[in-house]
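S.K.: Residue numbers (the working numbering), protein chains in the order written: chain A, 1 to 538; chain B, 1 to 538.
FYI, nobody ran anything at the bench for these hints, they're computed from the structure. Just so we're clear, the structure is a prediction, and the values are computed from it rather than from any experiment. Glycine included, each C-beta is placed from N, C-alpha and C at the ideal position. Take these hints with a grain of salt, some might be off.
As the list claims (entries may be wrong) - List time: in silico EDC-like cross-link candidates among lysine to aspartate or glutamate, alpha-carbon distance up to 16 angstroms:
1. A:Lys403 / A:Glu439
2. A:Lys513 / B:Asp167
3. B:Lys418 / A:Asp167
4. A:Lys301 / B:Asp244
5. A:Lys513 / B:Asp244
6. B:Lys513 / A:Asp167
7. A:Lys418 / B:Asp239
To be verified - Here are some, though not all, of the chain B residues that point toward chain A, as calculated from beta-carbon distances under 10 angstroms:
8. Leu84
9. Asn88
10. Glu89
11. Asp90
12. Asn161
13. Ile163
14. Arg164
15. Asp198
16. Gln260
17. Asn363
18. Gly455
19. Glu492
20. Asn525
Number of protein chains: 2
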Amino acid sequence: MFAASRLRSLSSRLALNSLKPLVVKTAVPALSSRVTHIRQYATKDKQVSYTVDKFPGYVRNENYKELTEQDVDHFRTILGNNGLLYGNEDDLFPFNTDWMHKFRGKSQLVLKPKTTQQVSDIMKYCNDQKLAVVPQGGNTGLVGGSVPVFDEVVLSLQGMNKIRGFDNVSGILTADAGCVLEVLDNWLGEKGYMMPLDLGAKGSCHIGGNIATNAGGLRLLRYGSLHGTVLGLEVVLPDGTILDNMSTLRKDNTGYDLKQLFIGSEGTIGVITGVSILTPHRSKAVNVALLGLNSFEDVQKAFKQSRIELSEILSAFEFWDTNALQMFKKHATPKDVMEKEYPFYVLIETSGSNKDHDDEKLNTYLENMMVDGVAEDGVVAQDETQIRGLWSLREGFTEALGKEPAVYKYDISMPVPKLYECVEDMRQHLRDGGVFGQEDSPVTDVVAYGHVGDGNLHLNIAASRLESRVSALIEPYLFEWVANHQGSISAEHGLGVAKNEFLGYSKSPVMIKMMKTMKNMLDPNAIMNPYKYLPSSP
Amino acid sequence: MFAASRLRSLSSRLALNSLKPLVVKTAVPALSSRVTHIRQYATKDKQVSYTVDKFPGYVRNENYKELTEQDVDHFRTILGNNGLLYGNEDDLFPFNTDWMHKFRGKSQLVLKPKTTQQVSDIMKYCNDQKLAVVPQGGNTGLVGGSVPVFDEVVLSLQGMNKIRGFDNVSGILTADAGCVLEVLDNWLGEKGYMMPLDLGAKGSCHIGGNIATNAGGLRLLRYGSLHGTVLGLEVVLPDGTILDNMSTLRKDNTGYDLKQLFIGSEGTIGVITGVSILTPHRSKAVNVALLGLNSFEDVQKAFKQSRIELSEILSAFEFWDTNALQMFKKHATPKDVMEKEYPFYVLIETSGSNKDHDDEKLNTYLENMMVDGVAEDGVVAQDETQIRGLWSLREGFTEALGKEPAVYKYDISMPVPKLYECVEDMRQHLRDGGVFGQEDSPVTDVVAYGHVGDGNLHLNIAASRLESRVSALIEPYLFEWVANHQGSISAEHGLGVAKNEFLGYSKSPVMIKMMKTMKNMLDPNAIMNPYKYLPSSP
Chain A
1 MFAASRLRSL
11 SSRLALNSLK
21 PLVVKTAVPA
31 LSSRVTHIRQ
41 YATKDKQVSY
51 TVDKFPGYVR
61 NENYKELTEQ
71 DVDHFRTILG
81 NNGLLYGNED
91 DLFPFNTDWM
101 HKFRGKSQLV
111 LKPKTTQQVS
121 DIMKYCNDQK
131 LAVVPQGGNT
141 GLVGGSVPVF
151 DEVVLSLQGM
161 NKIRGFDNVS
171 GILTADAGCV
181 LEVLDNWLGE
191 KGYMMPLDLG
201 AKGSCHIGGN
211 IATNAGGLRL
221 LRYGSLHGTV
231 LGLEVVLPDG
241 TILDNMSTLR
251 KDNTGYDLKQ
261 LFIGSEGTIG
271 VITGVSILTP
281 HRSKAVNVAL
291 LGLNSFEDVQ
301 KAFKQSRIEL
311 SEILSAFEFW
321 DTNALQMFKK
331 HATPKDVMEK
341 EYPFYVLIET
351 SGSNKDHDDE
361 KLNTYLENMM
371 VDGVAEDGVV
381 AQDETQIRGL
391 WSLREGFTEA
401 LGKEPAVYKY
411 DISMPVPKLY
421 ECVEDMRQHL
431 RDGGVFGQED
441 SPVTDVVAYG
451 HVGDGNLHLN
461 IAASRLESRV
471 SALIEPYLFE
481 WVANHQGSIS
491 AEHGLGVAKN
501 EFLGYSKSPV
511 MIKMMKTMKN
521 MLDPNAIMNP
531 YKYLPSSP
Chain B
1 MFAASRLRSL
11 SSRLALNSLK
21 PLVVKTAVPA
31 LSSRVTHIRQ
41 YATKDKQVSY
51 TVDKFPGYVR
61 NENYKELTEQ
71 DVDHFRTILG
81 NNGLLYGNED
91 DLFPFNTDWM
101 HKFRGKSQLV
111 LKPKTTQQVS
121 DIMKYCNDQK
131 LAVVPQGGNT
141 GLVGGSVPVF
151 DEVVLSLQGM
161 NKIRGFDNVS
171 GILTADAGCV
181 LEVLDNWLGE
191 KGYMMPLDLG
201 AKGSCHIGGN
211 IATNAGGLRL
221 LRYGSLHGTV
231 LGLEVVLPDG
241 TILDNMSTLR
251 KDNTGYDLKQ
261 LFIGSEGTIG
271 VITGVSILTP
281 HRSKAVNVAL
291 LGLNSFEDVQ
301 KAFKQSRIEL
311 SEILSAFEFW
321 DTNALQMFKK
331 HATPKDVMEK
341 EYPFYVLIET
351 SGSNKDHDDE
361 KLNTYLENMM
371 VDGVAEDGVV
381 AQDETQIRGL
391 WSLREGFTEA
401 LGKEPAVYKY
411 DISMPVPKLY
421 ECVEDMRQHL
431 RDGGVFGQED
441 SPVTDVVAYG
451 HVGDGNLHLN
461 IAASRLESRV
471 SALIEPYLFE
481 WVANHQGSIS
491 AEHGLGVAKN
501 EFLGYSKSPV
511 MIKMMKTMKN
521 MLDPNAIMNP
531 YKYLPSSP
């Protein structure tokens, strides 16, 4: 039960203002909060189309060598017999396929180095031989960036999962790139620290992959982007050179900050093998509240006021619409958290060093939201289980959508006031296009959730089947809409194979040209993660 | 007077523990807290040696064209007659000379564009003609990075000082690069926001220069580095191309984050003309406390405990030694803040949204520090004037040292436990070398202060005169010491002409090679800020 003394006291105070008390029911049971679980059934279903069949137009670059037995033998000399997977379709399947089963490559070889030197030896050989390579972390990405398109060799960082060191005074962690985010977070927890980022896939994703994709996640609002928290990287360049930039200093102004180039480079210019990252103290007090609201206007009001009243203790401000809740309910049977349903929900998390102070700040804020008519209803989690329950609702949307026959997924950012206008506009556009709103329409729902604090919207268009007339209605329409509102076509998921051809909607020709120059300089043979990231046209 | 009810109540509680009450006297009067004042007398004294005479070994690169009247005429067509300074030694002096009067160039021309297009036109011409260029912001740097060495053209950003826009929901500011940091901070103050960085030179330094040098300053501990807070840049490349990356989004994962390259590039690969930056809410409650301590061991204990108890409200943790205090007193006559003097001092600032909560956290922390014997004495500022008084002490060291006949200035970072060992080691080393500790020794004092929270030490060796045997004792000895302790030879001041040849102590040959490749790619004619930043040897 959520009901507890603190909430009752809040309720009674609210009652004085002739408002109904906060109605409180039971916690939301976890749907199955981690991608780990999803990946288990991913391996059972082999009926995934190849990317090149699903999205025609890809042509294998014949500059790349085709893998030979001699190549495999050479890799055996580097890694031993157990350090690679070769030829067996079943073994290769989870490395060739993304967890959403949207993309599938045709690689015959997965390499699993355990040391930076092995990665260097592999890359040197691949560069000399012109073998194309796809670096792969936890393979939890959403844009097809971590799986091959054709027969590229997969370089899995799974085997590089050692924590290298931790400075207990400064909170600086050094680790192999293949460490799982949640493992690091739990390890740090015992020392009173935490990872500065958190995302739904944390049970599977690697810290190296997080950095290669510049993962944002749930707490960017509080702890900032990886460009600020990553202090050093060890990177193997395409020619095998080891770039040792594993600084453990908060301040170091000696030359161009080269490591920044690799943050968000999606494995196209180097393989991240080691990480140095600044970790914050784990907060002694964490509170999570859920509000029900009538409009996105109210969501914005609640956000603006939270930045003033909760300020330094605000650690997350997430929203979703009722469509997201219905999608969750379709694939799981949560008990209701509130008596009624509302068009919008926000999840607010605070993290601070003094429980009494934080409770007081949060309760005052919630009271103000109710008295001012911004929120219609609200609950506050009373213990760790209830906190997890509320978070599992927010984190469950991706998985619920994954159970739909087809989903068009978008991850866009723009000024906060425009966020939901984009969703409503898309619904109308699909209705006008005749693919949504009728009984036999291919589009079954348009679902929205995201990080209000970061102006980041996850827009999901669920469909009974993939249809070209639906795709044609969405793209480039959505990208044009985003560009017209100074937004980004990929806020945090990255480009991969899904967005690379649309880069021009978010970056100028001058920027794209400079990116290509950078790529050519660092990877002149273009062996790293080909067919992705940058547009193929000149 | 510092005495106030809150302090008295703390004192009485401490008295219960048989500790002497916190002794409180009057506020420290400001020495003259801003670099602006220093620069006023800088122009009165023309007896500054040229860099090339003081530091022999520089040879003018004859690939650069010498300025002609035709060139000046061409710049007049771009900027008009009032947009440049030409030929007059007095007018040129403040642009040729750094404010510490350590470096002096021989430029005959200062250009003052007012628009990005003018900067582009200037750079295109200079690149075509192979005229070397030094971009200059507020010229408050400490490593000679912003003044010419020979006859390079100075490109001053003074005239580009417009605020472009501000988003009141997200706190994102866009501005010209030539805006003065303090002007921006005051402007934001009226809107309830603040700049995420602060430094002693804020009355003169430009935001563009801050970003070009990756300025750290006093509040990095709280708001993080510019690599995290800068969201977008507009940069004119050496060939005149305008790189428009003025994103106003917190999240944008579309391609390499090119703007990061320019943060800390010290004007060697482009001219920053526009800035988009995330600004935090100005805290409703700010407290500043000063503690007197007996050892650097105690300073570390106080720091570690502050991260636990003050956590999310901690916004600065600065330290200085008694030598720094004596240096301040030598050039100003502050009233004593505490009854006695101590070997070490720490200045602690908290910033939060609830004054009562913050007071309680800070008082509990201070009480613990006194009861545990970590601190010997302490005061808490009671109002804005007293807060400024305490800060002016911390910010006055640079200016006080500037009044010494000669100062060897170092800005290094390393793991916190090693910070003061470095100072003590240097004192002993100079004594052993026979240049310190005797009546006629050239070195008069070794003064230390810095940002504990960032592992950043400002080490200053004051001397009665510059002597080569002193320099020879300090360098490369200090840089070797820093390198042996995994530190950086330049934490926040940058490389400029002062540190570039020592880069190898902080960066590997592979890193330096890649930096040079980057420089050659972006500035093939090497016209930007030559003789600096990267080592001249291959």
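S.K.: Each hint should be assessed against the structure and marked as holding or not.
M.R.: Quick rundown of the hints versus the structure:
no., hint, in the structure
1, A:Lys403 / A:Glu439, "violated (20 angstroms)"
2, A:Lys513 / B:Asp167, "violated (30 angstroms)"
3, B:Lys418 / A:Asp167, "holds (13 angstroms)"
4, A:Lys301 / B:Asp244, "violated (32 angstroms)"
5, A:Lys513 / B:Asp244, "holds (12 angstroms)"
6, B:Lys513 / A:Asp167, "violated (30 angstroms)"
7, A:Lys418 / B:Asp239, "violated (37 angstroms)"
8, Leu84, "violated (28 angstroms)"
9, Asn88, "violated (34 angstroms)"
10, Glu89, "violated (32 angstroms)"
11, Asp90, "violated (33 angstroms)"
12, Asn161, "violated (24 angstroms)"
13, Ile163, "violated (18 angstroms)"
14, Arg164, "violated (13 angstroms)"
15, Asp198, "violated (15 angstroms)"
16, Gln260, "holds (3 angstroms)"
17, Asn363, "violated (13 angstroms)"
18, Gly455, "holds (6 angstroms)"
19, Glu492, "holds (5 angstroms)"
20, Asn525, "violated (16 angstroms)"
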